[in-house]
Amino acid sequence: MYRLYLLLVVLVVLLLAVARLKAECLHDKVQTTDLVQQYLEYEQSPSETRLRRSASKFMPIRISPFFLDFNDVVISSLLKKVVNRAISKISQLLSVVRALNSLLLARSACHTKWSDGPNKHKCSGLERRYDGEYCLEIVKIPDDHLEGFSVWNRTGKEPVKTYFTSGPGVNDTDYLLYVSVKESSNCWLKDKHVIAFAGYCQTDQSGRPISGMINFCPNQLDVDEDSMYVVAMHELFHAVGFSKSLLKKFETCKPAFEDSELPCISSVDSSLATSGRQRLTLPSVVRKARQHFGCSTDVDYGVLMETKDGQLLSHWDQRMMESSIMVPTAGLSHQTVIDPITLAVFESSGWYKVNYAASDKFLWGKGAGCKFGLAETCVNDTEFFCSGSEEGCHFLHKDKATCQSGIFLEPCGIFQSKAENRCSISDKTSLKAYGEIFSHRSRCFYSNLTSDISSAYEMKGMCYEYRCRGRHKIDIRVRDTKWTSCPAGKSITLPGYKGVVVCPKILSVLCTKANRETGTKPPRWTKKFSTEPSTTSHSSPYIFNVIFEDMDYHELLKADQIPNLPQIIIDKIIEIQPLDRRRLVNFLVRRGSIIVTFQLLPPNANMSGPDSKYVYTVLHEAVFAGNFSIVLPHTGRRHTATYISDTPMFDDDEALQPGQSGLSMGEMFATGTVLAVAFILIIIAAICFQNRCCSCNS
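According to mature numbering (1 follows the signal peptide of the UniProt record, and there is no 0), the stretch in the sequence shown is residues -23 to -1, 1 to 675, in order.
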């Protein structure tokens, strides 16, 4: 029975993984353009705001979510978590000029208005079929969020009848977001997997969306938090402005001087046709795209958009922008990024200021030139594209992958992978003869290596350990071999194996700043402190090593965030497996890829929780499922642990003695302050002793 249950679980996971590759966004299908517009009071008019953005009071956007139609407790908890996480990220990325009053949405209840007289433009009649306000005909907006409604005669000073009184509105918000889980005809489309769809439902007088909705399809929900977060971010970007129907309202304002009266330029003609596809030529988008792709010669340069029947749609072209959060099909969470080019769309709208520092590193097509992603050039680009159904590596080399094409990719294919294809996860089907190694240090390489001299294997993706020596040099290690240099673009052989390993031409994808090493020596300990001093000696503490490959030590050090890391780790551990936080002690942080080592003391009469081995098993499952993620408060970026072990990883791990706790950060700070003050006083005393006139007025 247990085996049958396990088989069913695996089957569900595989189906979800396959379905995710076919997931499609329906924003353009559900988004209408005949929307209610609400006038909001600002300190500056919208045109002044756009023209003098440097002088305007732009502040992080405040989005207030309202969750509706949630029946399942587990799904409710998951969606609230991922939507709030997405809202938090959006507020780090986008800023707006805030309205002066509480946000109150308009009603579309008026049938006719007076065209003249004292009550000109006031409503003279109620729409007979009006039964409330809806967001895209999916979500009914609460009356508390809506203004009142009355009808007037032509000259009267008081309304003839008030049908609705004004609600209190919502304070401290710039956008109302309605989140629902509803069955809809849009959830069932032929050969398409619809997880969610979203749109905006009202705008202010300048066209900026001020309310919107996300509907999650109940039969398609994934229980993986990071995957659902990617979906929520994608849909929220649509709801706040990444939409073709808003382009005509975009305005770019670049005054020569602060008080310049240069008019804003409309972006209504913001696209060009190229090879049957539309290019988005918004100024900020072109600027960021030129920087990324390395194109300065094409005067008509812009970013390719998803195009249907010659019409521009609300997604990037997948060939040009694969791995971006705004391509039409959702990828795996660890392969999807919030890229600067997507943020440039919001900058070009004129409604937002953008924090590019909070975006992710975007590597697809980087430096590939002006022709990258075109149908006529992708067929010859073997670095980023593929053909047929060959097996290889995802372009980030973290996963094995299979070449797949589709309506958005033809005539080329892209290596796409499933959740179980990560090189950090052990593959039980891998033959020992392949020499594969699965660990946090492993990456995918194109290879046909085999230790079985009598056999030959086709070239495909294989997982081997690697290390970086600078930005353009890597070594690799296959099972039972020593480290071997792997020059860019070369094919190498290894002793004891038949066949070759192909070294990637672009090593910068492997050797990013976060995972580069300066040599072969193990990284040194850089910080050592205890989060909970211990006064009692405990026996048999359990050692944990948690690795974050996408976290940059130097950035953490510069932002003084290394001291905060243990507390963030502790909070995450307790979220996954509740236990007494006093049991987590002796945190140490290493250079290079961030490796956090700590000890878990065994439970006793004073400290509760399960035994250490059980805790390790739970955390191990969380890490290899991609669910051990933390958010650093100074950047708002989410970092996911890629590996965990319960054995010493370096020789100096024996320095960890049972019960050792060291100084707490408060004690370290106090001690350092006292020493610094004492040192200054000694210097002053020495000077005074030498000059004898510390209080002289000379």
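Since the hints were derived computationally from the structure, they do not count as laboratory data.
Heads up, a few of these hints could be off.
Claimed, not checked - In silico lysine-lysine, DSBU-like type, Cα no more than 30 Å apart, as pairs:
#, residue 1, residue 2
1, K467, K338
2, K405, K66
3, K535, K348
4, K34, K405
5, K450, K330
6, K34, K343
7, K66, K330
8, K475, K405
9, K138, K6
10, K348, K475
11, K66, K117
12, K338, K482
13, K57, K459
Each hint, compared with the structure:
{"no.": "1", "hint": "K467 with K338", "result": "holds (26 Å)"}
{"no.": "2", "hint": "K405 with K66", "result": "violated (37 Å)"}
{"no.": "3", "hint": "K535 with K348", "result": "violated (38 Å)"}
{"no.": "4", "hint": "K34 with K405", "result": "violated (57 Å)"}
{"no.": "5", "hint": "K450 with K330", "result": "violated (39 Å)"}
{"no.": "6", "hint": "K34 with K343", "result": "violated (34 Å)"}
{"no.": "7", "hint": "K66 with K330", "result": "holds (14 Å)"}
{"no.": "8", "hint": "K475 with K405", "result": "holds (22 Å)"}
{"no.": "9", "hint": "K138 with K6", "result": "violated (38 Å)"}
{"no.": "10", "hint": "K348 with K475", "result": "violated (38 Å)"}
{"no.": "11", "hint": "K66 with K117", "result": "holds (26 Å)"}
{"no.": "12", "hint": "K338 with K482", "result": "holds (19 Å)"}
{"no.": "13", "hint": "K57 with K459", "result": "violated (49 Å)"}
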